[in-house]
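Peer 1: Here is what each chain is made of, one letter per residue.
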Amino acid sequence: MRQDGVLADYDPGSLFCEMLRPGQPPHSVLSLLRDRLRLLPIEALRRRAADAERDLLERGITFTVYSDATAIDRILPFDLIPRVITAEEWRTLEAGVIQRVRALNLFLHDVYHDRKILTDGVVPRELVLGNAAYCEAMIGFNPPCGTYVHVCGTDIIRDDAGRFLVLEDNARTPSGVAYVVENRHMTLRVLSDLMTGLHVRSVDEYGLRLHRAMTEIAPSGVSDPQVVLLSPGIFNSAYFEHVFLAREMGVPLVEGEDLRVEDGRVWMRTTAGLAPVHTIYRRLNDDFLDPDVFRPDSHLGVRGLMEAWRRGAVSIANAVGTGVADDKAVYAYMPRIIRYYLGEDAILPNVDTRSCAEPEGLAYTLAHLHELVVKPVAESGGYGLLIGPHASKVELEEFRSRLKANPANYISQPMVNLSVSPTLSDVGVKARHIDLRPFAVTGRDTWVLPGGLTRVALRPGSLVVNSSQGGGSKDTWVLA
Amino acid sequence: MSETVSASKHLIARHAGSALWFARYMERIENLARLLDVTKTFAGDAEGGGNWLSLLRINGDQSAFFAKHAAPEATSVAHFYLVDAENPTSVQTSIRYARENARTLRALISTEMWLQINVFHGRIRELSAIDIAPEELSGVCEMLKEGVQAHTGIIEGTFYRDQCWHFYMMGRHLERADQITRLIDTKFNALLPSATTDAAIDAGEWNALLRAAAGYHAYRREYPHGYVPREVAGFLLLNAAFPRSAGLSLAQLDWHLTTLRSRYHLRGCAPALGRLDHLQTMLASQTVDDILGRGLSPFLDWMQREIAALHEDIVTQLCGG
Numbered sequence: 001m002r003q004d005g006v007l008a009d010y011d012p013g014s015l016f017c018e019m020l021r022p023g024q025p026p027h028s029v030l031s032l033l034r035d036r037l038r039l040l041p042i043e044a045l046r047r048r049a050a051d052a053e054r055d056l057l058e059r060g061i062t063f064t065v066y067s068d069a070t071a072i073d074r075i076l077p078f079d080l081i082p083r084v085i086t087a088e089e090w091r092t093l094e095a096g097v098i099q100r101v102r103a104l105n106l107f108l109h110d111v112y113h114d115r116k117i118l119t120d121g122v123v124p125r126e127l128v129l130g131n132a133a134y135c136e137a138m139i140g141f142n143p144p145c146g147t148y149v150h151v152c153g154t155d156i157i158r159d160d161a162g163r164f165l166v167l168e169d170n171a172r173t174p175s176g177v178a179y180v181v182e183n184r185h186m187t188l189r190v191l192s193d194l195m196t197g198l199h200v201r202s203v204d205e206y207g208l209r210l211h212r213a214m215t216e217i218a219p220s221g222v223s224d225p226q227v228v229l230l231s232p233g234i235f236n237s238a239y240f241e242h243v244f245l246a247r248e249m250g251v252p253l254v255e256g257e258d259l260r261v262e263d264g265r266v267w268m269r270t271t272a273g274l275a276p277v278h279t280i281y282r283r284l285n286d287d288f289l290d291p292d293v294f295r296p297d298s299h300l301g302v303r304g305l306m307e308a309w310r311r312g313a314v315s316i317a318n319a320v321g322t323g324v325a326d327d328k329a330v331y332a333y334m335p336r337i338i339r340y341y342l343g344e345d346a347i348l349p350n351v352d353t354r355s356c357a358e359p360e361g362l363a364y365t366l367a368h369l370h371e372l373v374v375k376p377v378a379e380s381g382g383y384g385l386l387i388g389p390h391a392s393k394v395e396l397e398e399f400r401s402r403l404k405a406n407p408a409n410y411i412s413q414p415m416v417n418l419s420v421s422p423t424l425s426d427v428g429v430k431a432r433h434i435d436l437r438p439f440a441v442t443g444r445d446t447w448v449l450p451g452g453l454t455r456v457a458l459r460p461g462s463l464v465v466n467s468s469q470g471g472g473s474k475d476t477w478v479l480a
Numbered sequence: 001m002s003e004t005v006s007a008s009k010h011l012i013a014r015h016a017g018s019a020l021w022f023a024r025y026m027e028r029i030e031n032l033a034r035l036l037d038v039t040k041t042f043a044g045d046a047e048g049g050g051n052w053l054s055l056l057r058i059n060g061d062q063s064a065f066f067a068k069h070a071a072p073e074a075t076s077v078a079h080f081y082l083v084d085a086e087n088p089t090s091v092q093t094s095i096r097y098a099r100e101n102a103r104t105l106r107a108l109i110s111t112e113m114w115l116q117i118n119v120f121h122g123r124i125r126e127l128s129a130i131d132i133a134p135e136e137l138s139g140v141c142e143m144l145k146e147g148v149q150a151h152t153g154i155i156e157g158t159f160y161r162d163q164c165w166h167f168y169m170m171g172r173h174l175e176r177a178d179q180i181t182r183l184i185d186t187k188f189n190a191l192l193p194s195a196t197t198d199a200a201i202d203a204g205e206w207n208a209l210l211r212a213a214a215g216y217h218a219y220r221r222e223y224p225h226g227y228v229p230r231e232v233a234g235f236l237l238l239n240a241a242f243p244r245s246a247g248l249s250l251a252q253l254d255w256h257l258t259t260l261r262s263r264y265h266l267r268g269c270a271p272a273l274g275r276l277d278h279l280q281t282m283l284a285s286q287t288v289d290d291i292l293g294r295g296l297s298p299f300l301d302w303m304q305r306e307i308a309a310l311h312e313d314i315v316t317q318l319c320g321g
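Same order as they appear, the protein sequences are chains A and B.
Counting along the first sequence from 1, when you hit position 16 you're at 16 in the numbering used here, and nothing is skipped either side.
Counting along the second sequence from 1, when you hit position 73 you're at 73 in the numbering used here, and nothing is skipped either side.
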């Protein structure tokens, strides 16, 4: 078929394209989808993209960006051309994510109890016990179902060869799942003809599954547990998602001031007086949860919450202190951690990672700086990292001195040319790099939302997909 | 038997307060739009300046206004109420707080409600001095009224009628009761300076007063013979069928409080119900002539204080202060 419509000038070059699938056997659904895109004039796509953007603004599906004096509601740019994952690919991804979550939970239980993995020398003791995210208050504590990471967001990329690789585990309070569902609804609103007759797996079950997990981990002996979602409030940049999740679970969206601890139990202030709370899905960082234990100046949390939790009067998801498992330096050990606890190889490999805390790692990194990606271990959101191949001489030298000054703060990885997807830009539909963040929910067992958040780097050639760095998102279709 | 709303579903006290305020701010926008529109329409004649001044009196805004503007006329008053974001009684302030409360309640209200508020907020925020020039003013007031009326319709059609709805509705009725007493007080003072109840007053003035309360046609139907001050006062204060009369607003408030107490077992309703009972008795046990005979203004002052106290009772007892 002649290429026209939105794919007219599309050429991903040697990059792995999720839509064209070079070197893979033809797939009937993908072929059909490409045909539909070829029949869609680019003007029509632009018109629908404008509709979608207006719709997002009107619905207030926004995050707030604060600068010195102003607060601006911005939308996460949404690209209408979907990212497709085949049923077979999804089976691997799902199994890989579940395996990883199991290993993370076992690792956390171990480092807060017997520390066997440290004794056995698999993970350096200092890396764990000296970690800023290691929480003394968690030592010896047994969370219900042995689950620490109830909601996990695993950042996954795909390289030139189409191999899936894990880039990062997000085991604290990962965000983005609301966009997964809203993006699907947006597709159905403005581009449903693209999906007609295709069997794409639903994403509507998330709230139910999350609520079920929150019920499973509630303190024992409570027949109809009261779940709440704890948010920092309407000024938080992820507030839209907090609202979304509270609605989808059908539970109250509370702030710290709505909760109090009395007689060792947690209560919420209602119109009828105090009412008991059994599970808290918190979207507040560890530091802010309880001024008695963490930051005494924080008004966002609840005084006495940690003590009530440790006594088993309330359950909290995610557990406190999970940051020690998703640390960028610990990440390098994940394949070994999986093997240690599960006796299996990692289904989803890591990106080859070197820790600059180790002399060999530092030497290698300094010698190959121009071809590596170097990341500070304590940062997220794509801040403070170096992409060697894209950096100027001056930038490389600047970074070199920063790295030498504090090597333990950095890890390095080879630059992976992330896979691309056709994406609407000012100059037509072009190849843009993407990643994937599936969301895993764990109570007694782990369930993974089919697909996840596909983030797309909207700037030409950029490998940074974070929303703070000009990234957008796409609807993610898992084929049935 | 019909399926009842689960009485065990809790409402966060802070959310109850947000629902109450949400309704009050929305009601204020409609009310202000009506007042501006009517004043504009009837200010064409000689008494124009006086009419604009009395609009300021309704909200007790004279000093705030004169700190910024020289004389009350269409342009300055419209600016003060429609585009001045610093003025706490402007529609800019009202829609900002309405949206903030809606955002707080976002998990409890319908998507349609949120969407409409969001779009309405955007439209109001974009209003500039050019948009509110005297010849455009009626159109802007129309837009504001329609915006609130669309909101009210969405509330009617989509708001799940559990506790949160009751608090929203109480906010609406508190605001209406407050606004109507202010309107009567200001206008009767202006129209009856000597406190004589039977002075001949231009029909146009009564006309404007009733239109400002959206009660003109209902009044004509009820009293086709003409305007009698005591009948106008009685209609606005006590009429049981006029949607903005003080009496009807208080009766609605009573129903919501009683329902919250009986269906949801909210013991905190007691102080407000006690106060409301007294207020309703005071209204019901007097004729308009009694009230006018003893002085309308002191009575309305007392009512306004009681309505404010009702709001406080509800907020402190039920909404976590």
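Hints were generated in silico from the structure; no laboratory data involved.
Predicted model only: the values in this text are computed from it and were never measured.
Virtual Cβ for every residue (Gly too), placed ideally from N, Cα, C.
A portion of the hints provided could be inaccurate.
Straight line, CA to CA, 25 Å or less: simulated SDA-like cross-link-like pairs of lysine to any residue [as the list claims (entries may be wrong)]:
| id | chain 1 | residue 1 | chain 2 | residue 2 |
| --- | --- | --- | --- | --- |
| 1 | B | 145 | A | 77 |
| 2 | A | 404 | A | 428 |
| 3 | B | 9 | A | 224 |
| 4 | B | 9 | A | 233 |
| 5 | B | 9 | A | 219 |
| 6 | B | 145 | A | 204 |
| 7 | B | 9 | A | 160 |
| 8 | B | 9 | A | 207 |
| 9 | B | 145 | A | 58 |
| 10 | B | 9 | A | 406 |
| 11 | B | 9 | A | 378 |
| 12 | B | 145 | A | 378 |
| 13 | B | 145 | A | 220 |
| 14 | B | 9 | A | 212 |
| 15 | B | 9 | A | 208 |
| 16 | B | 9 | A | 223 |
| 17 | B | 9 | A | 113 |
| 18 | B | 9 | A | 250 |
| 19 | B | 9 | A | 220 |
| 20 | B | 9 | A | 58 |
Covered stretches of chain A (chain B as the covering partner; in silico rule of three or more C-beta atoms under 8 Å from a C-beta of chain B) [as the list claims (entries may be wrong)]:
| id | segment |
| --- | --- |
| 21 | 243-254 |
| 22 | 271-283 |
Examples of chain B residues lying across from chain A (beta carbon under 8 Å, computed) [to be verified]:
| id | residue |
| --- | --- |
| 23 | 115 |
| 24 | 262 |
| 25 | 266 |
| 26 | 268 |
| 27 | 271 |
Peer 1: Each hint: holds or not?
Peer 2: To see whether the hints hold, each was checked on the structure:
1. B:145 x A:77: violated, 33 Å
2. A:404 x A:428: violated, 43 Å
3. B:9 x A:224: holds, 12 Å
4. B:9 x A:233: holds, 22 Å
5. B:9 x A:219: holds, 20 Å
6. B:145 x A:204: At roughly 37 Å apart (the allowed maximum being 25 Å), residue 204 of chain A and residue 145 of chain B break the hint.
7. B:9 x A:160: violated, 53 Å
8. B:9 x A:207: Given pair residue 9 of chain B, residue 207 of chain A holds - Cα atoms ~18 Å apart, limit 25 Å.
9. B:145 x A:58: holds, 20 Å
10. B:9 x A:406: Since the Cα atoms of residue 9 of chain B and residue 406 of chain A sit roughly 54 Å apart, the hinted pair is violated (cutoff 25 Å).
11. B:9 x A:378: violated, 42 Å
12. B:145 x A:378: violated, 52 Å
13. B:145 x A:220: violated, 53 Å
14. B:9 x A:212: Within the cut-off at roughly 18 Å; holds.
15. B:9 x A:208: holds, 18 Å
16. B:9 x A:223: Given pair residue 9 of chain B, residue 223 of chain A holds - Cα atoms ~15 Å apart, limit 25 Å.
17. B:9 x A:113: This hinted pair is violated, its Cα atoms lying about 39 Å apart.
18. B:9 x A:250: holds, 10 Å
19. B:9 x A:220: Cα-Cα ~21 Å, so holds.
20. B:9 x A:58: violated, 30 Å
21. 243-254: It holds: at least three residues are needed, and the segment 243-254 of chain A offers 6 whose Cβ sits within less than 8 Å of chain B.
22. 271-283: holds (count 4)
23. 115: holds, 6 Å
24. 262: Hint violated; residue 262 of chain B Cβ to chain A Cβ min 13 Å, cut 8 Å.
25. 266: holds, 5 Å
26. 268: holds, 7 Å
27. 271: violated, 14 Å
When held up to the earlier numbered hints, the structure conflicts with 1, 2, 6, 7, 10, 11, 12, 13, 17, 20, 24 and 27 and fits the remainder.
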